[in-house]
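Visitor: Sequence:
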Amino acid sequence: QKLRDRIVSRHRSGEGYQNISAALKSVDGPPLPSLGVIYLKNMVTQHWSEGDGTSTETPVNNIPEEDRQFIRDNIVEAIIHSPERIRVQLTTCIHHMIKHDYPGKWTAIVDKIGFYLQSDNSAGWLGILLCLYQLVKNYEYKKPDERSPLVAAMQIFMPMLKDRFIQLLPDPSSESVLVQKQIFKILYALFQYNLPLELINRQNLTEWMEILKTVVDRDVPPETLQVDEDERPELPWWKCKKWALHILARLFERYGSPGNTTKEYTEFADLFLKGYAVAAQQVLLKVLYQYKEKQYVAPRVLQQTLNYINQGIAHAVTWKNLKPHIQGIIQDVVFPLMCYTDSDQELWEEDPYEYIRMKFDVFEDFISPTTAAQTLLFTSCNKRKEVLQKTMGFCYQILTEPTSDPRKKDGALHMIGSLAEILLKKKVYKDQMEFMLQNHVFTLFRSELGYMRARACWVLHYFCEVKFKSDQNLQTALELTRLCLINDNEMPVKVEAAIALQVLISNQEKAKEYITPFIRPVMQALLHIVRETENDDLTNVIQKMICEYSEEVTPIAVEMTQHLAMTFNQVIQTGPDEEGGDDKAVTAMGILNTIDTLLSVVEDHKEVVPLFVAAALERLTREVKTSELRTMCLQVAIAALYYSPPLLLNTLENLRFPNNTEPITNHFISQWLKDVDCFLGLHDRKICVLGLCALIDLEQRPQAVNQVAGQLLPAAILLFNGLKRAYACQAENENEDEDDDEDGEEDEENGTHAGEDGDDEDWDEDDAEETALEGYTTAVDDEDNLVDEYQIFKAILQSKETTFQAHKASDGSSS
Numbered sequence: 001q002k003l004r005d006r007i008v009s010r011h012r013s014g015e016g017y018q019n020i021s022a023a024l025k026s027v028d029g030p031p032l033p034s035l036g037v038i039y040l041k042n043m044v045t046q047h048w049s050e051g052d053g054t055s056t057e058t059p060v061n062n063i064p065e066e067d068r069q070f071i072r073d074n075i076v077e078a079i080i081h082s083p084e085r086i087r088v089q090l091t092t093c094i095h096h097m098i099k100h101d102y103p104g105k106w107t108a109i110v111d112k113i114g115f116y117l118q119s120d121n122s123a124g125w126l127g128i129l130l131c132l133y134q135l136v137k138n139y140e141y142k143k144p145d146e147r148s149p150l151v152a153a154m155q156i157f158m159p160m161l162k163d164r165f166i167q168l169l170p171d172p173s174s175e176s177v178l179v180q181k182q183i184f185k186i187l188y189a190l191f192q193y194n195l196p197l198e199l200i201n202r203q204n205l206t207e208w209m210e211i212l213k214t215v216v217d218r219d220v221p222p223e224t225l226q227v228d229e230d231e232r233p234e235l236p237w238w239k240c241k242k243w244a245l246h247i248l249a250r251l252f253e254r255y256g257s258p259g260n261t262t263k264e265y266t267e268f269a270d271l272f273l274k275g276y277a278v279a280a281q282q283v284l285l286k287v288l289y290q291y292k293e294k295q296y297v298a299p300r301v302l303q304q305t306l307n308y309i310n311q312g313i314a315h316a317v318t319w320k321n322l323k324p325h326i327q328g329i330i331q332d333v334v335f336p337l338m339c340y341t342d343s344d345q346e347l348w349e350e351d352p353y354e355y356i357r358m359k360f361d362v363f364e365d366f367i368s369p370t371t372a373a374q375t376l377l378f379t380s381c382n383k384r385k386e387v388l389q390k391t392m393g394f395c396y397q398i399l400t401e402p403t404s405d406p407r408k409k410d411g412a413l414h415m416i417g418s419l420a421e422i423l424l425k426k427k428v429y430k431d432q433m434e435f436m437l438q439n440h441v442f443t444l445f446r447s448e449l450g451y452m453r454a455r456a457c458w459v460l461h462y463f464c465e466v467k468f469k470s471d472q473n474l475q476t477a478l479e480l481t482r483l484c485l486i487n488d489n490e491m492p493v494k495v496e497a498a499i500a501l502q503v504l505i506s507n508q509e510k511a512k513e514y515i516t517p518f519i520r521p522v523m524q525a526l527l528h529i530v531r532e533t534e535n536d537d538l539t540n541v542i543q544k545m546i547c548e549y550s551e552e553v554t555p556i557a558v559e560m561t562q563h564l565a566m567t568f569n570q571v572i573q574t575g576p577d578e579e580g581g582d583d584k585a586v587t588a589m590g591i592l593n594t595i596d597t598l599l600s601v602v603e604d605h606k607e608v609v610p611l612f613v614a615a616a617l618e619r620l621t622r623e624v625k626t627s628e629l630r631t632m633c634l635q636v637a638i639a640a641l642y643y644s645p646p647l648l649l650n651t652l653e654n655l656r657f658p659n660n661t662e663p664i665t666n667h668f669i670s671q672w673l674k675d676v677d678c679f680l681g682l683h684d685r686k687i688c689v690l691g692l693c694a695l696i697d698l699e700q701r702p703q704a705v706n707q708v709a710g711q712l713l714p715a716a717i718l719l720f721n722g723l724k725r726a727y728a729c730q731a732e733n734e735n736e737d738e739d740d741d742e743d744g745e746e747d748e749e750n751g752t753h754a755g756e757d758g759d760d761e762d763w764d765e766d767d768a769e770e771t772a773l774e775g776y777t778t779a780v781d782d783e784d785n786l787v788d789e790y791q792i793f794k795a796i797l798q799s800k801e802t803t804f805q806a807h808k809a810s811d812g813s814s815s
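For the sequence shown, position 210 (counting from the first letter as 1) is numbered 210 according to full-length UniProt numbering, and the numbering increases by one without interruption.
Errors might be hidden in some of the hints.
To be verified - Listed below are the simulated DSS-like cross-link pairs for lysine-lysine, each with C-alpha atoms no more than 30 Å apart in a straight line:
id, residue 1, residue 2
1, K274, K383
2, K320, K383
3, K41, K143
4, K292, K427
5, K512, K426
6, K143, K162
7, K142, K263
8, K390, K320
9, K143, K105
10, K320, K385
11, K112, K41
12, K408, K286
13, K467, K426
14, K469, K426
15, K430, K390
16, K408, K390
Stated by the list, open to error - Label pairs and their calculated CB-CB ranges:
id, residue 1, residue 2, range
17, P233, E532, 29 to 35 Å
18, D171, N489, 52 to 58 Å
19, T621, N593, 26 to 32 Å
20, E662, D365, 55 to 61 Å
21, D365, T214, 29 to 35 Å
22, K606, E350, 47 to 53 Å
23, K724, Y643, 46 to 52 Å
24, E509, T621, 43 to 49 Å
25, G259, K143, 20 to 26 Å
26, D351, W319, 40 to 46 Å
Hints are computed from structural coordinates only; laboratory data are not their basis. Here the structure is a predicted model, which is why all the values come from computation and not from measurement. Positions of the beta carbon are idealized from the N, C-alpha and C atoms, including for glycine.
Just need the whole structure built from these sequences, with the hints factored in.
Guide: Shown next as structure tokens:
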């Protein structure tokens, strides 16, 4: 209320500050309209930095220091007393305020947080922890030597947080557990990238480890089972467990694993492994037992549990405790996680494109229990040899059982494929892998179940380096994969087939030759799948296939480029702020890289030039709405004329407008001369002049050229005038760049701008403009082999004059 009144009194006439006052009224008044809080957040996030001296912008809406101080004095209380929807906005405000003001202008924030943390009023605990969380988040990614203000504050707060947590542990209410979760989030942000050892000693580490184990081990209220399974992970009890496991897994992985830590943590790692790792492992084994017994475990809790267990495999102390349980974990936890599930089936049927996105999303891998299970399986089989033998025996038993559930076969193959790197290095297994593919994978390509055909492709992908003793087996693998890519009616199968086919071709010497006759339909299928799925992994597949089959793709290079360009336009229709915008940006970049790869592969193949020229000219036969596009298409043709006049003239004679039998030669020549004034900058004007030179120099001119012969020299003169100005602008800009450092201060004092030389002559902006093609170095721009359009033009005119004089003399003598 005090802050609201202060701002209203100082800014009664300012609508903006009335919005701020409305925002802060919510501290002890009625619920706040969203507009006021959003206005406050925008003011703080956009303009608070203007008060710390770091902003380079003019402080148009600067917040006066007196009001800044008032906001500092009251923002904490506003967060404590506001409802959650308001808190979200206000915590963004305090994050920016701490970023710019702590510790320099706002050491009082530490005292205020300490006061409310120690308060007996539990209603304020969550709000003050959110404030502390923002303080810690500001230092989360900073280097250790930049974190001293945070460490100093946390030396005060760590005992308070521990005592508060111990006080809350017996209370299972959602309000209590939310506060506990927030304390864990603070600790994780504090420890994620750097562990301040001055905050940790044996006593408080023991106390915190007991707290963490207690939270992981305690039961979740049975009434939570009434909540829909998809919504249970968001319940505070599961979230609290998740953050406890986050901390345990991070402590073990980054700081508590001898041999894997930096030297400053050597002592801590030894202490953690010998004193705490096994006890924590015991608690986590109980979580896995619950999952084995079909009790509900939230996915992220299961994932972090597996991550911790995985870390213990390499250490003798924890392995000794884990060894009796590992085979049970693999068979009863890892295996079910790696099988095709009901939720997989539901997503496949309802939205196969989302299924593909999820399966290929690298960010999904970071949070997926399946990926964590796969990692644990690989580590245990790689580090502990007895585990591999038992695991392979378990998988083979499932594969050879005629009545096995297909989903179990999928899980067994998923496990075997995940171990491919290990199996192909061990003599006892690598010679059996071809037999395994022949007997247990090839047959799955005939399965009526789409997910089994997809798994068959996936296994071939992971065993692409198998040494095939039988050429027939290699051909079978390639043929089955190719047919899946081209003919299968399930998109997830086609995606897996695309990746499998490419890696087989890249890793099997004889594979390339076998697929060569089919390269056109294969590339067409790949292009279609990329357009349908917008999957970035597949743009990489196409790039690699282009490199493998550079000769074969040359005849279809234009067709492929057009297809990729259309797909690119489709992808960028999604704005960067829309859902999936980041994924689409990556895909768009992948498509551009693919086009670049395609162009680099065919650039030495002269036979593709007519294809690109025809594509540009064909575009001119349809409606062109912008002069920029029209001049670009014209330039492709003009460059072809400069490169090879017969090539362009033949192409022109063979192209027609829709519903017209006349060649487009007349239209092209007239459109070119009509648009001469649309060629801007240096490069575009230069290529246009060189094209006119080629026309003038033709020995046998087409009728279309003769009809406009009188326009050629005026057009050239117009272009040369533009070139003269453009070269002058370029020279002036280069001189300015050299003089900027010397003359910058003098220009400011005299009130003049760069480029003002006092002359009356004004350059047209178009003369200095860099066109879209200006950024690329072409053959006519190469400074080492400079093409001088002036000299070429002069030489052609002199040649024509000489020829004319010779003809004249010849005519005179003959008469």
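Visitor: Each hint: holds or not?
Guide: Going through the hints against the structure:
Only pairs whose Cα atoms come within 30 Å are accepted, and K274 paired with K383 is accepted, the gap being roughly 20 Å. Between K320 and K383, the direct Cα distance comes to roughly 13 Å. Compliance with the 30 Å bound is thereby established for this hinted pair. For the suggested pair K41 and K143, the alpha carbons sit about 28 Å apart, so the restraint of at most 30 Å is met. For the given pair, K292 sits about 34 Å from K427 by alpha-carbon distance, which is inconsistent with the 30 Å threshold.
For the proposed pair K512 and K426, the alpha carbon gap of about 27 Å is at most 30 Å, so the pair holds. A distance of roughly 25 Å separates the Cα atoms of K143 and K162; the hinted pair therefore holds under the 30 Å criterion. Distance check on the hinted pair: K142 and K263 sit about 19 Å apart at the alpha-carbon level, within 30 Å; holds. Using a Cα cut-off of 30 Å, the hinted pair K390 and K320 holds, with the two alpha carbons roughly 18 Å apart.
Distance restraint check for K143 and K105: the Cα-Cα separation of roughly 22 Å lies within the 30 Å cut-off, and the hinted pair is therefore satisfied. Between K320 and K385 the CA atoms are separated by roughly 14 Å; this keeps the pair inside 30 Å, and the hint holds. This hinted pair checks out: K112 and K41 have alpha carbons roughly 21 Å apart, not beyond 30 Å. About 25 Å separates the Cα atoms of K408 and K286, which keeps this hinted pair within 30 Å; it holds.
Among the hinted pairs, K467 with K426 is consistent with the structure: their alpha-carbon atoms are about 13 Å apart, no more than 30 Å. At roughly 17 Å between alpha-carbon atoms, K469 and K426 fall within 30 Å of each other, so this suggested pair holds. Between K430 and K390, the direct Cα distance comes to roughly 16 Å. Compliance with the 30 Å bound is thereby established for this hinted pair. For the suggested pair K408 and K390, the alpha carbons sit about 17 Å apart, so the restraint of at most 30 Å is met.
Between P233 and E532, the C-beta spacing of about 31 Å keeps the proposed range 29 to 35 Å intact. Judged by the Cβ atoms, the range 52 to 58 Å given for D171 and N489 holds: they are separated by roughly 56 Å. Between T621 and N593 the C-beta distance comes to about 30 Å, which sits within the given range of 26 to 32 Å. About 59 Å separates the C-beta atoms of E662 and D365, a value consistent with the hinted range of 55 to 61 Å.
For D365 paired with T214, a C-beta distance near 30 Å keeps the hint of 29 to 35 Å intact. About 51 Å separates the C-beta atoms of K606 and E350, a value consistent with the hinted range of 47 to 53 Å. Taking the beta carbon of each, K724 and Y643 are about 26 Å apart, not inside 46 to 52 Å as hinted. At about 46 Å, the CB distance of E509 to T621 agrees with the hint of 43 to 49 Å.
For the pair G259 and K143, the supplied restraint of 20 to 26 Å holds, since their beta-carbon distance comes to about 24 Å. At roughly 42 Å, the beta carbons of D351 and W319 sit within the given window of 40 to 46 Å.
Of the numbered hints given earlier, the model fails hints 4 and 23; all others are met.
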